[in-house]
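Protein sequences, first through last, are from chains A and B.
All residue numbers in the first sequence are consecutive under the working numbering, ending with 344.
All residue numbers in the second sequence are consecutive under the working numbering, ending with 1344.
It is worth saying that the hints were derived from the structure and are not from the lab.
Keep in mind the model is a prediction, meaning the values are calculated, not measured.
Where a beta carbon is used, it is the ideal one built from N, C-alpha and C, also for glycine.
Please note: incorrect hints may appear among the correct ones.
Unchecked claim - Just the calculated beta-carbon pair ranges, DEER-fashion:
1. A/Gly10 to B/Glu1230: 44 to 52 angstroms
2. A/Thr214 to B/Arg1209: 52 to 60 angstroms
3. B/Gly1112 to A/Pro49: 52 to 60 angstroms
4. A/Gly191 to B/Arg1336: 53 to 61 angstroms
There are 2 protein chains.
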Amino acid sequence: MRATLIYGAGDVRVEEVPDPVLREPTDALVRVLRSCICGSDLWPYGSRPATAEGDRIGHEFLGVVEDTGAEVSRFKRGDVVVAPFVYSDGTCDFCAQGLQTSCRHGGFWGAGGVDGGQGEAVRVPQADGTLVKLPVGEDSALLPSLLTLSDVFGTGHHAATTAGVGPRTTVTVIGDGAVGLCAVLAAKRLGAEQIVLMGRHKVRTDIGRDFGATDVVAERGEEGVAKVMELTGGDGTHAVLECVGLRDAIDTAYGVVRAGGRISRVGVPQYPEVPAGAPSFLRNVTLTGGVAPARAYIEELLPDVLDGKVQPGRVFDTTIGLDGVPEGYQAMADRRALKVLIAV
Amino acid sequence: MRATLIYGAGDVRVEEVPDPVLREPTDALVRVLRSCICGSDLWPYGSRPATAEGDRIGHEFLGVVEDTGAEVSRFKRGDVVVAPFVYSDGTCDFCAQGLQTSCRHGGFWGAGGVDGGQGEAVRVPQADGTLVKLPVGEDSALLPSLLTLSDVFGTGHHAATTAGVGPRTTVTVIGDGAVGLCAVLAAKRLGAEQIVLMGRHKVRTDIGRDFGATDVVAERGEEGVAKVMELTGGDGTHAVLECVGLRDAIDTAYGVVRAGGRISRVGVPQYPEVPAGAPSFLRNVTLTGGVAPARAYIEELLPDVLDGKVQPGRVFDTTIGLDGVPEGYQAMADRRALKVLIAV
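For reference, chain A alone in the conformation it holds in the complex:
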């Protein structure tokens, strides 16, 4: 089959790789219908040292079950399924508490002999715990939005829930990338009263407004903080969802959070430390978030996607085939594309 490999910064290739086969009785084989490129894929695309052997890449996919191991009981050939960006057994104590990203038998796609998602098929370990059946056909118009359950919408939802967003909450979302926009959508869905989106790409912030942002702040740094303060009576917002991952962004988060508020960070933050001095301590600011246990949220988010109440698939502004993946990476790196959908 064909799959995507990364060989170094700027060097992504689609190549022939061995067809996946069942190895464990808990495995399933999934033929990929849709995959996509994640903002987090851009970190290795920007900096991975070049090597002779490439690594499989991609961690968001939905597809059709082609075969199942003897111990897989929840799925059968022909089921349309979505996979979260981490596989997990669904039975351990961490899975039981909804932290599938810390599953005792889980792991990431594209590592340790497990296929990446940007390819024609994937061997899915721990299939019963990992996959979620989708009540749609292979040609459903909902596939793009359903695909976001594998990562980006779940990640936005994780930011919002860990930050305690609910009715009467005021929220600042930092970043107008796909995660930031999904965080806006998640905050709106949870009933947030005010959603300030900090971003300066009008095409993207316009989607943010459609998703529920009540205000858009294009300024950054101190100017941006001042603007959010102005919009919130000088207090800042109860919740701040940091969806960029750079130090400037988390510093801004501490600048716009209300006393007693929560900052949640998602994505793949690149800063090794965060401010923890008197300003955050005396104001009782909580820092939360982390890698999103997307699996935990699929059942909750799925109905709203199925009935069209939310349309997170709008973050995909470019659709390509598998051959187009290298160009898709470059388009996202150049910010010509917001998020690239791969119709395999």
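Following the hints, position chain B against chain A.
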């Protein structure tokens, strides 16, 4: 009257100062019965630059109402009352949400023309919002434990509640000072299943065991982390209460926290930044806590103190008069005293 002033590192004096008078209709005058020295007082005692004029100091006291302003309706002369370590109006939105430390009309004792607590009397601003009446006499044997409601027990409780301690929670408390011991007591009171106390002063950790610690770890740094891991099946604890305030302590906290767990820090942390890289992000570790809104907790904690169910006053191992305050500071700085009670 006499009150305590700090002039510089190691230079604390008890001097004559003007008697407090009512200035605002919302003020009350309180004659101090008991005050004490806080671990946080040791930071200026260790490093304050010397000045010709001293600053009033002390922020924990209980006493008797001597006079009240025209707008004070909840207290009258003769009431025995305790004051939390921040005064607050009790009516603003932050007070309403239990974050009196961010009160819109609040402030700290000993600053801005407000008396410190280590003296014979205190003018209490925002008396109706600040004070809590105690149903005891001036000679009650419960005064030491009741005094801890002003700060140290409330601070331990803040650590435990913000970290989400409850039944089935496993907890690590870092630090065997008065705050650490009160954090143990608070965690036990909230039903924690396992409480590992990290401390190496046997007299103190023995109190910790009495307060509810199930395990004591004397080792520090990597060795200490390894020991806690051993005690928790390799997982760490759901909650970590950081009650030291030094960088080593918060680093240890990140080492012993369970995936999905919460670190709460209280006291007066001296570190400007905390780790926020992949280990905490991928494990979904939350950092919470902050300066404790002690006022928010008094009504909840008071009944258990009154009926002797908890005895936080056991953290006082030394009692002095006002004249003894300078020596009390030195005794705490030398770790000859755990916490010094001042019988004014």
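Status of the hints after comparison with the structure:
Between A/Gly10 and B/Glu1230 the beta carbon distance is about 46 angstroms. The supplied range of 44 to 52 angstroms therefore holds. A hinted range of 52 to 60 angstroms for the beta carbons of A/Thr214 and B/Arg1209 is consistent with their spacing of about 53 angstroms. For B/Gly1112 and A/Pro49, the Cβ-Cβ distance of about 57 angstroms falls inside the hinted range of 52 to 60 angstroms, so the restraint holds. At roughly 55 angstroms, the beta-carbon separation of A/Gly191 and B/Arg1336 lies within the given 53 to 61 angstroms, and the hint holds.
Violated hints: none; the structure is consistent with every hint.
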